[in-house]
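Participant: What follows is each chain in one-letter form.
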Amino acid sequence: MIYKVSRIVSLVIFSVLIIIPSLIVVFGSTKTDSEVYNKPLALPEKWSLDNFRFLFEVSNVGRSFLNSLIVTGFSVTITLILASMCAFAISRMITVTGRVLFSLFAVGLAIPGQVNLVPIFILFNDLQLTNKLSGLVLINIVTTLPISVFILTAFFKELPKEMYEVSEVDGATPLRIYRSIALPLSRPAMGATAIFLFVITWNELLFPLLLITDNDKRTLPLSLLSFRGEFFSNYSMIFTAVMVASIPMVVMYLLMQRSFIAGLTAGAVKG
Amino acid sequence: MGLPAAIIFAGFYFVPFIANLRYSLTRWDRITEPEFVGFRNFINLLTNDDLFYKVLGNNLRFTFLVVLFQTLFSLIFAIFLVKNSRTNIALRTLFFFPTILSSVSVGMIWLFMYDPNFGAINLFFTRLGLEGFALNWLGSESSALYAITFTQVWFHTGQMMVIYIAGLQQIPQELYEAAEMDGASRWQQFRNVTWPMSIPTTIVVMAYTTIQSFRAFDLIFAMTQGGPNNSSNIFAVLIYQTVFSELRIGYAATQSIFFIIVLVFVTILQRKFLNSRYEK
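Protein chains in written order, with my numbering: chain A, 1 to 271; chain W, 1 to 280.
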């Protein structure tokens, strides 16, 4: 009895705590600012997309959206290629090299790349990689490599050894085995990793903040942060910007809940 | 084949890591040449920097509270939602949802929720006649860090819950059946079956939450930038400010080294504590 009541009460409280803020944002993005302040939870008086139109007119949020897409796309793809090759190599090497390689990334997992913000800032300035999307792609790859290598190594290690041995007898090179056997088999693991990487890269703030000063090179989280300064506390505009930044994720989440949950969980468990 | 990844990682993780050690021995504003000062930054930081100790305290408190509550709540919700019924799956999807948002979005949403005049939190308390709870949550030194702690827990509890559910579903059902036959209450079942069987999952959840809380830069930067009066400042934000507001590269590098030391120390302590539980 006590169990049942406390179960229902706590589930309802947490649901409300998630639903109410979400509704405030969704409704708020179609309201005028005074409406947001006076009746944050009420349905909008009239549904309008004026805020979105205004936001795209006065700010370069469209540009930021595109930048985020470019940076995330390249970061995730390149990380996946590098990490899967590396993980494949590690899983096949029982030698010292494999272990060294693995512990190299283990350090990166225990001490996240974010602690390097000072030297990265200096190094990227020296290499003139600041204010460049390619610079962001590079640093994203570096910070997400360890976790990706971990997830994929765990997966490759589970593949039956016989698969490889047969093709080795046939004289296939490691690269060949990787391309025609390991990769096709690893599609689910790659998919999970891709989603995990997509979410953290799309949402990343620290390094863009550190490396980008040019308005045209901003990614979405950075633009969102600057709107807080520009629109001060004009929450209808801020909520509109939150909507623009979140819609791609939310749509993908609703379409592929299972893979999302699996991907973001794998990231934590294997790490 | 592992070479490309290893080279990139060595070049942009380990090389900067070493460079950071070098910077920590200098005084440097990036305008003039760096000046070698030996261990003066380290001595200064340890003996003459109240802000450092304040931030250290904040960071440890923040991490401790986030780990405690996030682990606790995610375990409780996992127990409540472990059965694969339709409602449970829908609720899991809902609880997991905040995880996919960006920290900046979450920060903006909760800035409004905590707004002293218009925010839903204070609106709720005043409606209930509890004006005493209607605080300036993010604007006052005594509550800012806790308000952010709550947001961080709200943000990631669902993610950890899913990990726990996966762990709980591995527990053999016979153990519960046997416990029930012996007339064990729900609490006893939790104490003697669920909790000991889920310790491996707890280790994973706590380790991940710890790292996550040390990396809460985005959320804190979006919500308070460490204010008011550094009451919600944590290491990552402090280091950023030392680089950009104070232009003290050498000192920021020294702060980073202490950041790493604390992070490693906390991780080791936690592993030791949990492993001793595990072996019992």
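No wet-lab data here; the hints were simulated from the structure.
Any given hint could turn out to be false.
To be verified - Chain A is faced by these chain W residues, among others (derived, beta-carbon under 10 Å):
(1) Ala5
(2) Gly158
(3) Gln159
Unchecked claim - If you anchor each label on the Cβ, the simulated ranges turn out as follows:
(4) A:Ser259 / W:Phe124: 31 to 41 Å
(5) A:Arg179 / W:Phe244: 36 to 46 Å
(6) A:Arg53 / W:Arg61: 37 to 47 Å
(7) A:Arg53 / W:Met197: 18 to 28 Å
(8) A:Leu255 / W:Phe36: 48 to 58 Å
Backbone N, C-alpha and C define an ideal beta-carbon position, used for all residues, glycine too.
Participant: Confirm or reject each hint.
Facilitator: So, going through the hints one by one against the coordinates:
| no. | hint | verdict |
| --- | --- | --- |
| 1 | Ala5 | holds (4 Å) |
| 2 | Gly158 | holds (8 Å) |
| 3 | Gln159 | holds (6 Å) |
| 4 | A:Ser259 / W:Phe124: 31 to 41 Å | holds (36 Å) |
| 5 | A:Arg179 / W:Phe244: 36 to 46 Å | holds (45 Å) |
| 6 | A:Arg53 / W:Arg61: 37 to 47 Å | holds (45 Å) |
| 7 | A:Arg53 / W:Met197: 18 to 28 Å | violated (55 Å) |
| 8 | A:Leu255 / W:Phe36: 48 to 58 Å | holds (57 Å) |
Hint 7 from the list above is the single one not met by this structure.
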